[in-house]
Amino acid sequence: MGFNRQVVIAGVYEHPTRWAPDKTMFQIHAESARGALQDAGLSIKDVDGYFTSGVGPIGVLSMAEHLNLQPRYLDSTSIGGSSFVAHVTHAAAAIAAGLCEVALITYGSTASSERFAVGTGGGFAGDPPDHFEAAFGPTVLGSYALVAQRHMHEFGTTSEQLAEIAVTIRRHASLNPVAKFRDPITLEDVLASRIVSSPLHLLDCCIISDGGGAIVVTSAGRARDLAKRPVYVLGGSEACCHTSMGMRDLTDMAARQSGPRAMAMAGVTHADVDMCMIYDSFTITVLETLENLGFCKKGEGGAFVQNGRIGLGGELPINTDGGGLSSNHPGMRGIFLVIEATKQLRGECGSRQVKDCEIALCHGTGGTLGLRHSGATLVLGKG
Amino acid sequence: MPEDKKYKKALPRIDEESKGFWEACQRHELYVQQCRACGARRYYPRALCPACLSDDTEWVLSSGRGTVYTYTVTYQNQAAGFRDELPYVLAYVELAEGVRLLTNIVGCAPEDVKIGMPVQVSFDAVTPEVTLPKFKPV
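Sequence lines, in order, name chains Y and Z. Everything in the first sequence is counted per our numbering, starting at 1 for the first residue and increasing by one. Everything in the second sequence is counted per our numbering, starting at 1001 for the first residue and increasing by one.
Hints were generated in silico from the structure; no laboratory data involved. Beta carbons are placed, not taken as given, at the ideal position from N, Cα and C, and that holds for glycine. Check before you lean on any hint, since a few could be wrong.
[As the list claims (entries may be wrong)] In silico DSSO-like pairs for lysine-lysine, Cα to Cα no more than 30 Å straight-line:
| # | chain 1 | residue 1 | chain 2 | residue 2 |
| --- | --- | --- | --- | --- |
| 1 | Y | K297 | Z | K1114 |
| 2 | Z | K1136 | Z | K1006 |
| 3 | Z | K1114 | Z | K1136 |
| 4 | Y | K298 | Z | K1114 |
| 5 | Z | K1019 | Z | K1009 |
| 6 | Z | K1019 | Z | K1136 |
[To be verified] Calculated from the model, a selection of chain Y residues having no Cβ within reach of chain Z, i.e. all distances over 12 Å:
| # | residue |
| --- | --- |
| 7 | G2 |
| 8 | D22 |
| 9 | N68 |
| 10 | S78 |
| 11 | L175 |
| 12 | V178 |
| 13 | R224 |
| 14 | A264 |
| 15 | C296 |
Construct the entire structure; sequences and hints are all you get.
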């Protein structure tokens, strides 16, 4: 089973804004939709499948109204920042099953200009598990810090190794003209930044920005006469990971399940992957994801990210756009993973282009790593 | 009560599935659940065993002893109440009964907390209705 090269990404658009006090969230969605449809050479009237998240419980209906869409397939899967990665797989399945033909996925957020404390606001969903957690003060950031502390304890991972991830991704951001933070940083800068929730320093954390983006997914047949060279959706899978009745090993991630399934569906091995887009909410997210996806063994992530391996020109370049750590993070970053991977596979990335890029893997992590999180893996191939 | 003395942090909702647990905390007793059908232990408490969906549940009195599985010293949290009491230690404690629970480590300096450190439950009656199971070094 699989998509058999019958489903493609035909258009992508990353909204260039990082600070948009003059725009609404819905406007950013609409501008992103316009950008992705123009990129594909399609019209809003062609859209018959619509996907979004982060707009409230039935916000997908409000967005459909705002864009005056009449889709025959709707999906508002909300599993945190990874949602948009999962949307691509869901869109591919819907297209393969004939439920729709032109799927539009949009995202928009004004988290930064609204001064929304994404990581340290102490959000409280009010579901049963929250009632055994919220009283003790877990922040989003703190839940990732719990994992980092355990990883350091079990495997000897160091703050310097985590800092290497932030430094590498900032170097990539310096090559992206729209990245929010472009000035290079050093290991010392990361280690000297204040500790927000031990052992994570400020520069181990993603930034907060405004932003948005959109993706158009369609059938390979429909894409044949469109504007851009299509990118194949080769495989996708998702998983979730929670406290497992109080028994969970915090060094296990959802990526451990979704990664191998997506790669098997795509028929690729680790050696085939030319670049990865890894959700970098925090440096520890990247390190644990690389381990759980199987690019190295558990506990070896610290050494794996050193010596340039994950930088441009290295064995496995990641987050070439500058990631959430330096380019943009409006609260839910999954869509940007897919947009950058698509641009890499089309060869559109200029000075940050990965040479001979034929297979890209995206992995989104949503929610809170140490409490409940989702993982969505997507494997894309050059058209 | 004057506004500045009110307890401002998030409080658990005590409902049909959880009231046995919270009432026991008020008596300074910590319970975990065990399924009588399949034997699986679980935390947090809930009506049905997720392993086999049986609702034949035994409440097992915990020794209150455990070790720190992991922790983080929180220096920033904008949420009401917590922002006034920084830094504080958020931790998972692994109970002798085999389950891990999210809690706070109290009764020592944050920098003295270590993974593997033996701890003992320390009940904190934060409101007349809610007593929270926190942990302190043994």
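Hint-by-hint comparison with the structure:
no.: 1; hint: K297/Y / K1114/Z; result: 26 Å, holds
no.: 2; hint: K1136/Z / K1006/Z; result: 24 Å, holds
no.: 3; hint: K1114/Z / K1136/Z; result: 12 Å, holds
no.: 4; hint: K298/Y / K1114/Z; result: 22 Å, holds
no.: 5; hint: K1019/Z / K1009/Z; result: 20 Å, holds
no.: 6; hint: K1019/Z / K1136/Z; result: 24 Å, holds
no.: 7; hint: G2; result: 32 Å, holds
no.: 8; hint: D22; result: 25 Å, holds
no.: 9; hint: N68; result: 38 Å, holds
no.: 10; hint: S78; result: 22 Å, holds
no.: 11; hint: L175; result: 31 Å, holds
no.: 12; hint: V178; result: 28 Å, holds
no.: 13; hint: R224; result: 48 Å, holds
no.: 14; hint: A264; result: 28 Å, holds
no.: 15; hint: C296; result: 22 Å, holds
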